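Residue numbers (the numbering used here), protein chains in the order written: chain A, 1 to 222; chain B, 1001 to 1200; chain C, 2001 to 2263.
Hints were generated in silico from the structure; no laboratory data involved.
Because the structure is a prediction, the values reported are computed rather than measured.
Treat the hints with care, since some could be wrong.
Sample of chain A residues facing chain B (criterion: CB under 8 Å; computed from the structure) [claimed, not checked]:
#, residue
1, THR2
2, ALA6
3, ILE12
4, ILE14
5, VAL18
6, LEU44
7, LEU46
8, ARG49
9, ASP77
10, GLY78
11, SER79
12, ASP81
13, THR84
14, SER86
15, PRO89
16, ARG157
Here are a few chain C residues that sit away from chain B, every Cβ distance over 12 Å (derived from the structure) [stated by the list, open to error]:
#, residue
17, ILE2033
18, TRP2081
19, ARG2125
20, LEU2134
21, LEU2142
22, ARG2231
23, MET2235
24, MET2236
25, SER2239
Simulated restraints on C-beta separations [said to hold, decoys possible]:
#, chain 1, residue 1, chain 2, residue 2, range
26, A, PRO114, C, SER2173, 23 to 31 Å
27, A, ILE175, C, THR2032, 39 to 47 Å
28, C, PRO2042, B, ASP1121, 58 to 66 Å
29, A, LEU160, C, ALA2026, 37 to 45 Å
Cβ atoms here follow ideal geometry from the backbone N, Cα and C, with glycine treated the same way.
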Amino acid sequence: MTALSALIRRDIRIALRVGGGALIGVLFFLTVVVLMPFAVGPDLALLSRLGPAILWLGALLASLLTLDRLFMADHDDGSLDLITMSRTPLELSCAAKALAHWLASGLPLIVATPVLGLLLNLDMVATGAVALTLLAGTPALTFTGMIGAALAVTLHRGGLLMAVLVLPLSIPVLIFGVAASQAVIVGPLTFGAPFSILCALSLVSLVIGPFAAAASLRHGLD
Amino acid sequence: MQLSGSAIRCVRGGREIFAGLDFHASAGEALAVVGRNGSGKTSLLRLIAGLLVPAGGTIALDGGDAELTLPEQCHYLGHRDALKPALSVAENLSFWADFLGGERSDAGESLATVGIDHATDLPAGFLSAGQRRRLSLARLLTVRRPVWLLDEPTTALDTAGQDMFCSLMRDHLARGGLIVAATHAPLGIDSRELRIGGAA
Amino acid sequence: MTLIDLANPTRFLALTARVLPWLAAATVILLTIGLYQASLAPDDYQQGATVKIMFIHVPNAWLSMFVWGVMSIASLGTLVWRHPLADVAAKAAAPIGAAFTFLALLTGSLWGRPMWGTYWEWDARLTSVLILFLMYLGLMALWRAVDDPSRAARAAAVLTLVGAINLPIIKFSVDWWNTLHQPASVMRMGGSALDKSFLIPLLVMAIAFTLLFLTLHLAAMRNEILRRRVRSLQMMQASRVAFSSEVGAGSRQETASKEAGAA
């Protein structure tokens, strides 16, 4: 346990220090959301209808783009070798890294959601619903995105390739995340059903992600 | 305790690096792996460390901790220092001590031994290449592992640093440790030579 | 960075240490006068007491642009004259500018609330300020992303100047975008010229806020200079003491080997 908490603490510390990218994700989120009205027009009724979708797309892109460096930095400076060799199973180390990443860059997105909800003319209830679905859904984005990050590091290709690999995997999360938030705003579905599925997706990815990432890291060793 | 490999074959990127390699080293012994560039010195170390999968043959450690795998009993000191420039020297070292686990000794003492205790609270990014290497060595001292796998360990170290490192290696061997080092320069301690890939 | 480069900043530190208290005092006095006069100003016949947000909002909005101007001049200083204090000035101004811009947005949206019924409207003026805010944040992220301030300085200077050229273009585009979608703008300020009872407190407040910026900016520059000094001292410590400790390490080894021999 000390090993995992040490890893989590280190990754969060690095993300928050100078040169770390924790807050750039939030800034990206903010910028993407602000861009939307320029594309669809400043019609507040339209914006509040599109709001959950815009917020979810923004959060999806922001969490994916920051994932790029999840294993890359450790690979480049040789830390990944030592993590692979250590007495902590690689699956658990991967899970710890993903958790640290979610805490440092996923959670700030959720904190920023109310402000962005204001810009998109969402009322309190709708903003709360979007924030809640993001809270339940972004772990799934991080943990499935981690697989892409692991593949990217073993292939020595980052950035867009990873996004292309991972984006299709995150479609279910997007569907049920937006469905649950829309259910609160317009109906006719109930909030419970899509939200439960969203939570289930997160829990499943919590299991699959670390195993798949560790497997691809092991096979890509060189 | 004996580290031995038999009939190891290493293939990387579709190219056979070496085949039929046998070696053994016992506790208190240093094995210096020599050979020309590209002969597979680093590959051999990474095979022992479990960071590469051999295409054939076996590597085993007899008489070590039966509960642990071979890589879990190794220290690997590669070309890269596994340091985070944003973290302080002490944070870097204590992270590896916490993460690697097992028997450990005082981190402050290790920093003093390798001669960078003055920089304990400074960011590792301020260190020179030689100082970074010293900090990596402090990791070997702080966390106890019976087998040290060293890849060109003395690069970036000055003469005083190399002397210091030699005495660290002697101490390690005297405690019953085992060293496998890939090197071009003489290792500076009594060692058995393992030549791979023909004449240098 | 060597100590010689700090000679000029040293004089700057000495000078600002004398100036800052006076500047701070002048800021407090003017702010007090401005706020007092603003409280005396009559309510608007349409907007009621909310019109008084103007006395805070307008100075903040003015400063959000003024600070970018200051940063642009400082960036020219970095790129053209390579003045050692220029990038310190640019770096120190960015968070303050971002704070003023944020306050302008906040007061603007509070002001708009009674009129629009929502806290936010994609009004041309507010939207431009929002983009300006994003640019401030981006600039701060750039400063934070690079560890070595002198390396970040040039990149930030280029970005600041590009931003200065782009700002009018952005403003124009947003105006055009906004009128395209909303033929009638929601907010019109009083229509004609402001009454004297508004204008004088507003001017006082604008000057007071400008002084506030100068005070904060000088203080932030002092902090930044000191921070860089700490950094260069740390780097000197990392390299200098290492040299002497190598001797120390050698002697330690000797004693260690002697002990080993004795054992």
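These are the hints, each one checked on the structure:
The closest approach between the C-beta of A:THR2 and any C-beta of chain B is roughly 5 Å, which is under the 8 Å cut-off, so the hint is satisfied. With a least beta-carbon distance of about 4 Å to chain B, the hint placing A:ALA6 at the interface is held under the 8 Å criterion. The beta carbon of A:ILE12 is not positioned within 8 Å of any beta carbon in chain B (closest approach about 11 Å), and the interface hint is therefore violated. Below 8 Å, beta-carbon pairs count as interface contacts, and A:ILE14 has one with chain B at about 5 Å; its hint therefore holds.
For A:VAL18, the interface hint holds, since its Cβ comes within 8 Å of a Cβ in chain B; the closest pair sits about 7 Å apart. Proximity of A:LEU44 to chain B is violated relative to the hint, the smallest CB-CB distance being about 43 Å (cut-off 8 Å). The closest approach between the C-beta of A:LEU46 and any C-beta of chain B is roughly 44 Å, which is over the 8 Å cut-off, so the hint fails. At its closest, the beta carbon of A:ARG49 sits 43 Å from a beta carbon of chain B; the interface hint therefore is violated under the 8 Å criterion.
Using the Cβ-Cβ criterion of 8 Å, the hint placing A:ASP77 at the interface with chain B is satisfied: the shortest such distance is roughly 5 Å. Interface restraint check: A:GLY78 against chain B, minimum CB-CB distance 3 Å, threshold 8 Å, status holds. Evaluation of the A:SER79 hint against chain B yields a held restraint, the C-beta minimum of about 4 Å falling below 8 Å. For A:ASP81, the interface hint holds, since its Cβ comes within 8 Å of a Cβ in chain B; the closest pair sits about 6 Å apart.
Annotation: A:THR84 was flagged as interfacial toward chain B, and the flag holds, the nearest CB pair being 6 Å apart, inside 8 Å. Interface hint at A:SER86: satisfied, since its Cβ lies 5 Å from the closest Cβ of chain B, which is below the 8 Å cut-off. A hinted interface residue such as A:PRO89 counts as satisfied when its beta carbon comes closer than 8 Å to some beta carbon of chain B; here the least separation is about 11 Å, so the hint is violated. Taken as an interface hint, A:ARG157 does not check out: its beta carbon lies about 16 Å from the nearest beta carbon of chain B, beyond 8 Å.
For C:ILE2033, the condition that its CB be more than 12 Å from all CB atoms of chain B holds, with the nearest at approximately 47 Å. Non-interface call for C:TRP2081 relative to chain B: holds, since the shortest CB-CB distance, roughly 29 Å, exceeds 12 Å. At roughly 40 Å from the closest C-beta of chain B, the C-beta of C:ARG2125 stays outside 12 Å, upholding its exclusion from the interface. In this structure C:LEU2134 is separated from chain B by more than 12 Å, as the shortest Cβ-Cβ distance comes to about 26 Å.
For C:LEU2142, the condition that its CB be more than 12 Å from all CB atoms of chain B holds, with the nearest at approximately 17 Å. The claim that C:ARG2231 lies off the interface is violated: its Cβ sits roughly 8 Å from the closest Cβ of chain B, which falls inside the 12 Å cut-off. With a minimum CB-CB distance of about 5 Å to chain B, C:MET2235 fails to clear the 12 Å threshold, and the non-interface call is violated. The claim that C:MET2236 lies off the interface is violated: its Cβ sits roughly 9 Å from the closest Cβ of chain B, which falls inside the 12 Å cut-off.
Not every CB of chain B is more than 12 Å from the CB of C:SER2239 (nearest about 7 Å), against its label as outside the interface. As the Cβ distance of A:PRO114 to C:SER2173 is approximately 28 Å, the hint placing it in 23 to 31 Å holds. Checked against the given bound of 39 to 47 Å, the beta carbons of A:ILE175 and C:THR2032, roughly 58 Å apart, lie outside it. Between C:PRO2042 and B:ASP1121 the beta carbon distance is about 60 Å. The supplied range of 58 to 66 Å therefore holds.
Between A:LEU160 and C:ALA2026 the CB atoms are about 54 Å apart, so this pair departs from the stated range of 37 to 45 Å.
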